[in-house]
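Heads up: the protein sequence lines correspond to chains L and D, in order.
For the first sequence, counting from 1, position 2 maps to 2 in the working numbering; every step adds exactly one.
To convert a position in the second sequence, counted from 1, into the working numbering, add 197.
Derived by calculation from the structure, the hints in this document are not laboratory data.
Each residue gets a CB set at the ideal place from its N, CA and C atoms; glycine is no exception.
Hints may be right or wrong, so weigh each one.
Stated by the list, open to error - Under the rule of at most 30 Å between Cα atoms (straight-line distance), these lysine-lysine pairs were calculated in the DSS-like manner:
hint	chain 1	residue 1	chain 2	residue 2
1	L	Lys158	D	Lys303
2	D	Lys307	D	Lys365
3	D	Lys303	L	Lys186
Said to hold, decoys possible - Reference excerpt, derived from the structure (chain L facing chain D, CB under 7 Å, subset only):
hint	residue
4	Glu9
5	Gln10
6	Ala64
7	Ala92
8	Pro110
9	Phe153
Spelled out from the first residue to the last, the chains are:
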Amino acid sequence: MTAPLFPLEQIPEAWNNVIAVLLGMGFGFTLESSGFSSSRKIMGTFFGYDFVVLRVFFTAAITAMVGIIYFDYMGWMDASLLYINPYYVYSAILGGLIMGFGFSLGGFCPGTSFCGVAIGKLDALVFSIGLFLGIFLFSEVYSLFEGIYNGHFMGASKIYDLIGMKESVFAALLIFAAIGMFFGAKWVESKVQKVNY
Amino acid sequence: MKRDGTFYINPYLGGIMLGLVLFATYYITGRGLGASGAVKSTVVTTVHAVAPEHAHQSGYYSQFLSDTTSPMNNWLVFEILGVLAGAFFSGALWGRLKIKNEHSPKISGKTRLISALIGGALFGFGSQLARGCTSGAALSGMAVLSSSGIITMMAIFGSAYLFSWIFKRLWI
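Between the sequences and the hints, there should be enough to build the whole structure, so can you do that?
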């Protein structure tokens, strides 16, 4: 087993930041080429006139998921070494709800706002300044939220364990669900009035 | 292929490309992609430079300070520099480099900027509470089927869907 490469020390640590820049370039190029530097294109997903976010997001998540499961199965990568976000139930839900509220006002998420900044979008630049202020505010009032932040800890939980399903079954269902959503999205787009942006 | 700024790649192709970048990130580093973490490093660095005492005493900043390295010497900070470069290259390739404040014709440019500022602040606040944003929590979390990532993803999209209709005038 040779991967993941850095945790198994297959590449010298000195390459870490070079690789970060290269992977970031791939990330930024793909997001911008898909249209994620435009807030009104992104917001199309919520009004049904352009489902690009839904298509790109779920295709990407599934592609990476299948790659990880396949490489682990073939013995090319030890998936048990991959970092899993710790699951703190209250903060995962409340944080997500607040982010969604911000999304509906701002039209970007952090990664897409940086793509907007890179091509000259002023609204993206102001959104990024807002990000900075919001994170600063959170840090300053952290003690008030510490209980929620650390509440109901469930460890590095996997969703299929949580609902009592086999990984392979859950992954297959997720792929079918995504394909279903892609067809649904096409149908909704054909019904909804076009928006020029 | 038109290069007047109107061309976008096929979204499924974009999704596969993004998925391969995400897979490569896991394969090489053992972790996923991120975005809000780089802003957090900037905030921690700024506060530490302006008020070092305050930063060391704070329950939150102190978690990210070390005696040997700057918080800016962080994988996500370098990754985001790459994102800016990659997006700039894509914008140059498709003819989209242009200073512009994009907004619905129903609202003024000023309204758009105020809502972007408030939206960004809320997104930043929420990303710290949930330990990651759409990239680090939702997308990367979904690739490894983490409960945290998938729950946060559903909360983000569900809440964004609901509030978008409340603030419909801002968009269409």
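Hints and how they fare:
1. At most 30 Å may separate the alpha-carbon atoms for a hinted pair to count; L/Lys158 and D/Lys303 exceed this at roughly 44 Å.
2. Taking the CA atoms of D/Lys307 and D/Lys365, the gap is near 17 Å; set against the 30 Å cutoff, the hint holds.
3. Taking the CA atoms of D/Lys303 and L/Lys186, the gap is near 27 Å; set against the 30 Å cutoff, the hint holds.
4. Checking L/Glu9 against chain D by beta carbon gives a least distance of about 11 Å; that is not within 7 Å, so the hint is violated.
5. The interface hint given for L/Gln10 is violated, since its Cβ lies 9 Å from the closest Cβ of chain D, which is over the 7 Å cut-off.
6. The restraint placing L/Ala64 at the interface with chain D holds, with a minimum CB-CB distance near 4 Å, inside the 7 Å limit.
7. With its C-beta approaching chain D no nearer than about 5 Å, L/Ala92 sits inside the 7 Å limit, and its interface hint holds.
8. Annotation: L/Pro110 was flagged as interfacial toward chain D, and the flag holds, the nearest CB pair being 4 Å apart, inside 7 Å.
9. Restraint check, L/Phe153 versus chain D: the minimum CB separation of about 10 Å is more than 7 Å; hint violated.
The structure fails hints 1, 4, 5 and 9 (numbered hints given earlier, in ascending order).
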